[in-house]
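Protein sequence lines correspond, in order, to chains A and B. The first sequence runs 474 to 723 under this note's numbering. The second sequence runs -17 to 51 under this note's numbering.
It is possible that some hints are incorrect.
So the derived label-pair ranges between C-beta atoms look like this [claimed, not checked]:
| id | chain 1 | residue 1 | chain 2 | residue 2 | range |
| --- | --- | --- | --- | --- | --- |
| 1 | B | Ala(-4) | A | Asp516 | 54 to 60 Å |
| 2 | A | Gly638 | B | Ile30 | 51 to 57 Å |
| 3 | B | Gly32 | A | Leu705 | 40 to 46 Å |
| 4 | A | Ser672 | B | Leu14 | 33 to 39 Å |
| 5 | A | Glu707 | B | Gly32 | 39 to 45 Å |
What the hints contain is simulated information worked out from the structure, not anything from laboratory work. We put the beta carbon where it would ideally sit given N, CA and C, even for glycine.
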Amino acid sequence: MVGRLILRGLLCGLVAGLLAFGFARLFGEPLVERAIAFETAMDQAKGEAPEHEVVSRETQAGLGLLTGTVVVGTALGGLFALAFALLHGRLGSSNARETAALLALAGFVVLAVVPLIKYPANPPSIGDPDTIGLRTALYFELIALSLAAGALGTALARLLASARGVFDANLAGIALFAALVAAALWFMPAVDEVPEHFSAVLLWQFRMTALGIQAVIWSTIGLGFGTFAHRLLENIPLGDAPVRTATAAR
Amino acid sequence: MSDAVLHPARAPRAIPVREILPWAVLCGLLCLIAIYFVGAEEGATSLISGTSVHEFVHDGRHLLGFPCH
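If we strip away everything but chain A, and leave its shape as in the complex, we get:
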């Protein structure tokens, strides 16, 4: 059962990666080009030779971008399926589609929104190559803290559910998550490496586009996987009309 869930997770992740490529190519690449034009102009103003191209821009914006989004999408799909297998049936009585949708929303917030608040996506020409080690460590540390906060919030909500009711228990869990994340964001050091004269509008658009790519990936995985997992767990053959679940009859 776990293997079949993972296969479905990987496939949904693959589709999510393809859709993310389309979104990134359409909305992200024009911004990357403008940022690279700024970088080139800066290098020329300083009298530095333009960066040597190891891989052509066409490849980076085409096959390279496709590889990046598809590999990350597929891998996230696999990890999503594992998390689903672990949580489904352990957090209340949600059916497969509800569990998958909620898990995807949680993944989007914990792995995309929280890191974006403190260490957002940056276009080319932002970031000092000398601090890449520090910035990478901070980024993954914040993700680890965000995951831990999410796990503790979920545990609290589960603990309180029978005594206080599901709604209040969930509010308490979300409040704990928010407080822990706020503390982590407060204590972690800020990174400020935006060069002078870099367009604030371009920076904002780039970061919102990066968030949009994450939204495409997580919504595709959550809704797609939920549909397939529901059919698998309820033994509904492909092609049959989806059976309405019995939520209303409770």
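Fit chain B to the known structure of chain A by using the hints.
Frame of chain A; chain B shown alone:
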């Protein structure tokens, strides 16, 4: 639809952890390694010498939000 009325919703059966564990180790590790190669290889750390992996996934790394340069 009639099923929904005759059999009210029951809590779904949880999959035993010992059934998930081998998959979590094998598949979880492979997925994390895949993300590492797109997100961080030849940036902060480098398993393969040179910059070709970094340059190839360059745009994806920027747009997916990983620290770059």
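message: If you test the structure against every hint from before, which numbers come out violated?
response: Number 5 only.
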